[in-house]
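Colleague: Given only the sequences and the hints, what does the whole structure look like? Please build it.
Residue numbers (our numbering), protein chains in the order written: chain A, 1 to 89; chain B, 90 to 178; chain C, 179 to 267; chain D, 268 to 356; chain E, 357 to 445.
Derived from the structure by calculation, the hints contain no laboratory data.
Careful: at least some of the hints might be erroneous.
Stated by the list, open to error - Which chain B residues stay away from chain C? Per the calculated CB distances, all over 10 Å, these: (1) 100; (2) 120; (3) 174.
To be verified - From the structure, some residues in chain E lie toward chain D, with a derived Cβ separation under 10 Å: (4) 368; (5) 380; (6) 382; (7) 385; (8) 403; (9) 410; (10) 421.
This structure is a prediction, so every number in the text was calculated from the model and none was measured.
Built from N, CA and C at the ideal position, the CB exists for glycine as well.
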Amino acid sequence: MIIARVVGNIVATQKQEAHEGKKILLIQPLDLDGQPWGDAVAALDAVDAGVGDRVLAVQEGFSAMTSVGHVESPIDAAVVGVVDLVELV
Amino acid sequence: MIIARVVGNIVATQKQEAHEGKKILLIQPLDLDGQPWGDAVAALDAVDAGVGDRVLAVQEGFSAMTSVGHVESPIDAAVVGVVDLVELV
Amino acid sequence: MIIARVVGNIVATQKQEAHEGKKILLIQPLDLDGQPWGDAVAALDAVDAGVGDRVLAVQEGFSAMTSVGHVESPIDAAVVGVVDLVELV
Amino acid sequence: MIIARVVGNIVATQKQEAHEGKKILLIQPLDLDGQPWGDAVAALDAVDAGVGDRVLAVQEGFSAMTSVGHVESPIDAAVVGVVDLVELV
Amino acid sequence: MIIARVVGNIVATQKQEAHEGKKILLIQPLDLDGQPWGDAVAALDAVDAGVGDRVLAVQEGFSAMTSVGHVESPIDAAVVGVVDLVELV
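Modeller: Structure, rendered in structure tokens:
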């Protein structure tokens, strides 16, 4: 799983029926210092996260589909938590 | 999931039976500024997208196979939405 | 899925029983200009492809295993089509 | 699987129900010389590992979900062993 | 699948029960010229390979778990063949 910042939303009208009514978030992966790294990806929202939130996201199909409790939802990334604190040692 | 631009089609006569009658699109991943990044990949079309469309695509087998509603279709990428708008904050 | 060129064969006598009688091809990924990129990978042959063919390949376990119709065959890559034509726009 | 060092914990209150009561560790991948490489990732703890431990981790959804014995837990990485010794030849 | 050289073993006492009695090998991916590339990864042994062997390995959870015939073994990489010969054309 990765830590990422929600940086936007994606609007898609012509899409899979299984995606209707679900938010597609654009998330930017962060490194240990909280700086952006790599490219942003699109992820379905499973925990009602919003723009600006620091979140925990999965990037694999089987787990992403499980997170939204919908085995017919063809996604490969999902936001599964809102991060309160990262404790580094 | 990634945002990509449909840049071409792939014609393959000698192929898996499960792929018959399905369009194989060539898609170019885009970054947040809409610029191409990385290499183009081949993806099955699940939403009737066409060349030039900006699309949402999955890049994992289980979710891709679910998107075309065909559990015997051996694919690892599929176009699952046509993007109308990307809202960046 | 990726477009690749078949560049060789791999011979392995000590192997999984599920692989007996199947060809293991060495394939070199190609970019949009048909030039090699990245490293070659090993893939099971699901469509009777041969050395020199330009092919379509999956690179994920669930879809690769489906392509050879053998749920007990532990592979993570397979050749699923022979490419006749790539139409770029 | 990768060898990694546990470098921190992640606290997330707003999260998937399936994650309640489970530790989310921040792990830093190590190379053969024991030096950090690449970016740290978040992984669920399946073997009661702690900060400072050198661990074995999976980075794929199906295996990660199996490791915590919970098919409804949407994760794509888990710590599955504490490494005692790496024998290089 | 990748071609790799077995370069070591990993000893882990505190681990998943499903891993008891199984060898965890450290394998170094090789390129077409037989030279090392990228980082070594840990893989469960499914064909009784040993240090020094050139092997065929899968790097995905579903196929790796199938290779050891144990659906409760949470791994994402496994050695599935010993390579006798690589025929390049």
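Colleague: Please go over all the hints and tell whether each is borne out by the structure.
Modeller: Tested hints:
no.: 1; hint: 100; result: violated, 4 Å
no.: 2; hint: 120; result: holds, 17 Å
no.: 3; hint: 174; result: holds, 23 Å
no.: 4; hint: 368; result: holds, 4 Å
no.: 5; hint: 380; result: holds, 7 Å
no.: 6; hint: 382; result: holds, 7 Å
no.: 7; hint: 385; result: violated, 12 Å
no.: 8; hint: 403; result: violated, 17 Å
no.: 9; hint: 410; result: violated, 14 Å
no.: 10; hint: 421; result: holds, 6 Å
Hint check: violations occur at hints 1, 7, 8 and 9; the rest are consistent with the structure.
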